[in-house]
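A.B. asks: Listed below are the residues making up each chain.
Protein chains: 2
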Amino acid sequence: MTRQELIHNIRTKRSFLCVGLDTDLKKVPAHLLGEEDPIFSFNKAIVDATAPYCVAYKPNLAFYEAFGVKGLAAFEKTVAYIRQNYPDQFIIADAKRGDIGNTSAMYARTFFEEYDLDAITVAPYMGEDSVTPFLGYDGKWVILLALTSNKGSHDFQLTEDTSGEKLFQKVLRKSQEWAGDDRMMYVVGATQGQAFEEIRKIVPDHFLLVPGVGAQGGSLAEVCRYGMTGECGLLVNSSRAIIYADTSENFAQAAAAAAMAVQQEMAAELDSRGI
Amino acid sequence: MTRQELIHNIRTKRSFLCVGLDTDLKKVPAHLLGEEDPIFSFNKAIVDATAPYCVAYKPNLAFYEAFGVKGLAAFEKTVAYIRQNYPDQFIIADAKRGDIGNTSAMYARTFFEEYDLDAITVAPYMGEDSVTPFLGYDGKWVILLALTSNKGSHDFQLTEDTSGEKLFQKVLRKSQEWAGDDRMMYVVGATQGQAFEEIRKIVPDHFLLVPGVGAQGGSLAEVCRYGMTGECGLLVNSSRAIIYADTSENFAQAAAAAAMAVQQEMAAELDSRGI
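Residue numbers (my numbering), protein chains in the order written: chain C, 4 to 278; chain S, 4 to 278.
Bound conformation, chain C alone:
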């Protein structure tokens, strides 16, 4: 999906919500456990319920790999289902990959050719040649970790170098030499508050993928205040607060209601900025 198509979808649907499909068999409603593929059944119901209110889905590979071959099959079926039934959704593999060139090239082939995903999250530690193999696909995106939502983000990402530049700032600056805002986004945790101001000085136009609203405690209003651009420039992810809004047989309706509530808040944020 191109940048213009994504912006068009956001304007039309009045939403920049990404629903995180962190599907855990331990949390799937009991009545689904008898089905042939409970993970896929759960995902299918969640997607059907939430698609009107979001513009993106983000399955986290860890949750699928945890169930081995069966889990990966559920992942493949989920991606194919979204592609076929909701072709305007942007699908992100939350994989946080990054390896030497020939290995990153294998991952790129898997996620972009085999599964036809729109984007993959990548860790920057190994530098340029671990990232560039993902950049050779038209309409496909790298979402590079910059400043993450967890406590451990303070351990290394905030380390200042001799010129006063923090590591996450260096990642933002340096990676712009590898691709522009039509191929690259950045992960910035919603819990980082005013750091969005600093970030927008370095990447004024790039889309940011923002996890950490909901279960992790970040505030949507604050993220918009400091991070939104004239073309939105945000994909805000919510996983647990939407997909596990209710664990009874009404889980899908509850997920729809939770997604709609976020979407309405997002519509107000877009409206107030004339987007």
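Note that these hints are calculated values from the structure, not bench results.
Heads up, a few of these hints could be off.
For chains that are exact copies, the list does not tell them apart, and a pair is met inside one copy or across any two.
In silico DSS-like links for lysine-lysine, alpha-carbon gap of 30 Å or less [to be verified]:
| hint | residue 1 | residue 2 |
| --- | --- | --- |
| 1 | K47 | K143 |
| 2 | K154 | K169 |
| 3 | K29 | K143 |
Once you've looked at the hints, dock chain S against the given chain C.
C.D. replies: Chain S in isolation, oriented as in the chain C frame:
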């Protein structure tokens, strides 16, 4: 596997070779492609041929994920085959994972409980709570990326902070607060030469997993000179130079010969230090 068991295996087998199972269908000998599971058939033959000369295997997940559900099945079968037939081998999932706590916990469950691997490679960018979920398993190891073998290692890993400490040095220092040398190893590329001296000042006793000998151009003699400890302290990986030593029907014998040549060089290094 405990540290003492690993050291015992190295002393007994006169080898600290890790064979990297980066199995690519495009490079598997043609006569295997008709088999039901060519990736597993290839791995089985390589393992049977090289097991006398190595103490560890390192399948790189990227190569298996590239073939989707079938690739993952081949990975599972390969790990089970090594476990069953060569129980003294240390098996490393080269996965370079690292995510927020609940996601890293899912990965840990997959790699340590589901597959019973000995170790997993982890990327440090997200800090402590992305690594610690992997540290709660007896006899299981985290191998943290420190200074990698690729060109991009210069982009961020060498960045000096205001106290003159480089990022990879900070990773080595800080991560020792999370676990000792019985649970943690570090990835240091063979191409880094004298950096091993600096590294041994910070982690004098830890095992280092050293990729980059062979196809990537690192020198075994140099790695030993600057990196070896009184208990060896090294696992040196070779992938392509061993498993693709020959691509004819004689591939397994060629792999055995290539592994034996490295093992003999390693035996001489151990002998010369009285290990």
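A.B. asks: Decide, hint by hint, whether the structure agrees.
C.D. replies: These are the hints, each one checked on the structure:
1. For the homomeric pair K47 and K143, the shortest alpha-carbon distance inside one copy (24 Å) is at most 30 Å, but the shortest distance between copies (36 Å) is not.
2. In this assembly of identical chains, K154 and K169 lie within 30 Å of each other by CA distance both inside one copy and across copies; the values are 16 Å within and 21 Å between.
3. Taking the shortest Cα distances, K29 and K143 sit within 30 Å of each other only across copies (24 Å), while inside one copy they are farther apart (33 Å).
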